[in-house]
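Protein chains in written order, with our numbering: chain X, 5 to 554; chain W, 5 to 554.
Since the hints were derived computationally from the structure, they do not count as laboratory data. Incorrect hints may have been included.
For identical chains, the list gives no copy identity; a pair is met inside one copy or between any two copies.
[As the list claims (entries may be wrong)] EDC-like cross-link-like pairs, simulated, lysine to aspartate or glutamate; straight-line CA separation at most 20 Å: (1) K47 - E35; (2) K446 - D227; (3) K446 - D117; (4) K264 - E513; (5) K220 - E199; (6) K264 - D456; (7) K367 - D424; (8) K446 - D324; (9) K446 - E363; (10) K264 - D193; (11) K264 - E464; (12) K362 - E332; (13) K224 - E374; (14) K446 - E295; (15) K224 - E513.
Protein chains: 2
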Amino acid sequence: MKPSNTSPRAADAPKTDFPESFPRSHKVALEIEHGGHTLSIPKRRIHLTSGESLDVYDSSGPQGRDPRQGLAPLREPWLQARKGQENVTQLHYARRGVVTEEMAYVAAREGVDPEFVRSEIARGRAILPANVRHPELEPMIIGRNFLVKINANIGNSVVRSSIDEEVEKLRWAVLWGADTAMDLSTGEDIHETREWVLRNSPVPIGTVPIYQCLEKVGGKIEDLDFDVFLETIEEQCEQGVDYFTIHAGVLLRYVPLTAKRVTGIVSRGGSIMAKWCLAHHKENFLYTNFERLCEVMKRYDVSFSLGDGLRPGCIADANDAAQFGELETLGELTDIAWKHDVQVMIEGPGHVPMHLIKENMDKQLETCREAPFYTLGPLTTDIAPGYDHITSAIGAAMIGWYGTAMLCYVTPKEHLGLPDRDDVKQGVIAYKIAAHAADLAKGHAGAQAWDDALSKARFEFRWEDQFNLSLDPITAREYHDETLPADGAKTAHFCSMCGPQFCSMKITEDVRAYAEEVGVEGEEALEEGMREKSAEFRAQGGEIYSKSKA
Amino acid sequence: MKPSNTSPRAADAPKTDFPESFPRSHKVALEIEHGGHTLSIPKRRIHLTSGESLDVYDSSGPQGRDPRQGLAPLREPWLQARKGQENVTQLHYARRGVVTEEMAYVAAREGVDPEFVRSEIARGRAILPANVRHPELEPMIIGRNFLVKINANIGNSVVRSSIDEEVEKLRWAVLWGADTAMDLSTGEDIHETREWVLRNSPVPIGTVPIYQCLEKVGGKIEDLDFDVFLETIEEQCEQGVDYFTIHAGVLLRYVPLTAKRVTGIVSRGGSIMAKWCLAHHKENFLYTNFERLCEVMKRYDVSFSLGDGLRPGCIADANDAAQFGELETLGELTDIAWKHDVQVMIEGPGHVPMHLIKENMDKQLETCREAPFYTLGPLTTDIAPGYDHITSAIGAAMIGWYGTAMLCYVTPKEHLGLPDRDDVKQGVIAYKIAAHAADLAKGHAGAQAWDDALSKARFEFRWEDQFNLSLDPITAREYHDETLPADGAKTAHFCSMCGPQFCSMKITEDVRAYAEEVGVEGEEALEEGMREKSAEFRAQGGEIYSKSKA
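Start from the sequences, fold in the hints, and give me the full structure.
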């Protein structure tokens, strides 16, 4: 399971920048007992200057490990008991009433009842992607009754980037909050890159197996067949991949429906399968052999991420017959996967104007019987290449609110180039914003507590706390320091936008003290209080601002 | 009207970076005749390598002018005929059936009928902010049946920044697409800064007059009174300010409603008026003297931007009794302003979770009888200081779609510091995205044409066109060049994300050609075609990718 020693290209020294990235945060482990095992659930505790603290969901995994050693196989003891089983999926256990260690783990992680986790998985409304060959995984759950998750894509391509860069990109992505990662490598070393990624990944790893298949047949799409696909997924199952994007819904009859589109087929996997169908005038071999995929995947508990190969690639193509035709087929395939107790989520678009987003969510829930939706954005306009993390964060937040369980990030480089380290961070932060905004809109109490803590810190001029409660404390602090660099400014009772004389927060302190005295009821009491307060206020010298701090 | 010669602090040399910022774009003037005048309406024409071009709305104004000279007073001839009139508002003329030069100008700018512009203004559903003392203005319209507009805030504060920086910031903001600008200066030189800004502004300028009033009374809120306010707005009317934010809806009885809020009152103007009310135990003097404001403003045609002094400053405080109480009063004031034929828009929040955004829009339309809504964001979460251009672009796009006519930008420095040049650009671009996404969702044909042009360029591998059609061509090109710097790559039939072998766009070309041949109808024809195509495809050597370009 360890990466081979022949390619020690990963970074020489173990890296962590957790302490610098999240000042006054530290990782805490919530320990619970389940099935004779002690499960240790990670949280990030943010210590405030008020003496309070806030625990937030933490996806960053063990930091500072040597990539050549990989992460500790924390699930190994749990998996012992399942050895030799024919079907080891979480769905299989959930339907039989079993709360696995993984389910107990995510229940504690999400702050919900383990039985609720089990029931959501059992009805297919949530998935817990966790290949039994990926023991390093810190279990997480994807479903719309849990926190909205985000995925970051990594992966080299023929054009550039190397294995150590990919492992480091993964570490960096989870540091900022990625809940899963897809390894979209298409170049050489595809197997070895994946091995390094998996052995160092605390989050589920997804792949698009057809990419490796295409490498195996020398890039000739028409030479693809089900055998090479089967061999490839066996190989990847063995390595520990947690979910596969499989474009089994690109049917022959849907392909002509893309003919009048502005941008045709924009999914790589989708276009490959469409081309194969054309070359052979045959139905998609992933569709015709779908049950055989289930047979393999249930032995490892690899989840389906049913690919939307016909997703729209521009605003003009959104919600068309090709897209919704494929979605119907994905619903049909969901039923087949569930028959085998294989977990399923459904991939979604893409490029969709705001007024058509909800239709996507509603149709998906109905057609795929509430299997979790996993969307790429959607981008809400095409005219801002260079800023597609923003065009898509808008759509992602909305569809997350409407019910999408996981949002695939988009970086500023989308449509233009390969994301570098900073692009990955920008994409992850934009998507943490979208996911969190969705959690708030869905009424998640834990999400609201985070906003309240930050806003309270803001109102009370606890600048350090405001920075440290931010998704990106260092950037928040840097922006503040550009205008008011002095250390004193971090305890100042005003901010640099308004200066000391125009600080609304400061003025409000007086207003509040007064209003609490008078209460918000009777108009009479109010008038009376006003008179009193006015006199008192003037007696104190009529000073509006506390001058001591400015 | 010219800035005084005693403070020639503006940049020495006229600046423009229009040509570098928008390669292969140039300004064109659409000339129309109206009332004996030739009106010259600006557009930006983007020349494509396909030989086509796309004209887009252009707010950038005359570039390359010497700030010491100011812009040409293009409206002066139009204004001659209105001299000596008691009421010169666009609303006044519109209600009397007159299509002014300004209305004809915006009609051509928006591509609609002049009579439609007049009728929208007449019913108060749109405003055309255009002080008769601001002849340099290129007229624009704010209303939900027109393109969604964005505002950029500029303005020095006591903490830092100078006059020439503000003029340059204005030029920079309109270059990237700001439709109006608010000068929020609060420090010294407030009058002179504004003079320079106005004389160099092709867009409407808004102010918050209470800031200058507070300077005049030495920062003592309790010393404010209506006389100083009246004197101040007379001064600003004379200078040419186009709209005033006036917090006349912060009534005494609403103030205690903010007592239990997490962040109290966050509007500067709102907190000043609340404090004044407390100090005097009297009703807001802007409310009690509202008609006197109308008397002054109608002589210049300065529009009201009725301030939401009690807007929520955090997610927890959204849509509360204080906020909606004030909105009721703003509706009442709208009627009074309309009685005087003074144009009105209504300011809105702020910080609002997604699920509460629509309620804001619906209530505003009803309460203020469809007067245009002008919102700050709203921010959809509080936990991302440093990224509030993104947290708020989400809310701005949504509320724009729901019907907000103008979106006040938020920069990455919001809550942290004063925006610099790059922050202004980041804020403007994020808001151009939000506004454009809203236009698309509202079904604006011109907006859709822009997306289609870019997507078509993308599909046809016209990289240069894809860059030049972007909101920010230079950034798009830079991002592309980081991965594939060679000039040849800009004509390559693949992009760097996938490499030549996995290009879905390329594959689609074949799919499309085939599908067009077969048609999308009969299944039989399809099967027949498939057989033919398969044979033909193999006969050609079965090559999937054109190798000539890679």
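Checked hints:
1. K47 - E35: Result: close within a single copy only, 11 Å intra versus 64 Å inter.
2. K446 - D227: neither (47 Å within a copy, 46 Å between copies)
3. K446 - D117: within (19 Å within a copy, 43 Å between copies)
4. K264 - E513: between (61 Å within a copy, 11 Å between copies)
5. K220 - E199: Within one copy only: 17 Å inside a chain, 70 Å across chains, cut-off 20 Å.
6. K264 - D456: between (49 Å within a copy, 13 Å between copies)
7. K367 - D424: neither (35 Å within a copy, 45 Å between copies)
8. K446 - D324: This pair counts as between: shortest inter-copy Cα distance 18 Å, intra-copy 28 Å.
9. K446 - E363: For K446 and E363, both the intra-copy (18 Å) and inter-copy (16 Å) Cα distances are at most 20 Å.
10. K264 - D193: The answer is neither: 38 Å in one copy and 60 Å across copies each exceed 20 Å.
11. K264 - E464: between (58 Å within a copy, 14 Å between copies)
12. K362 - E332: Answer is within; shortest intra-copy Cα gap is 17 Å, inter-copy 31 Å.
13. K224 - E374: neither (37 Å within a copy, 60 Å between copies)
14. K446 - E295: Intra 36 Å, inter 44 Å, cutoff 20 Å: neither.
15. K224 - E513: Close across copies (17 Å), not inside one copy (70 Å); limit 20 Å.
Violated hints for the displayed structure, listed by number in ascending order: 2, 7, 10, 13 and 14.
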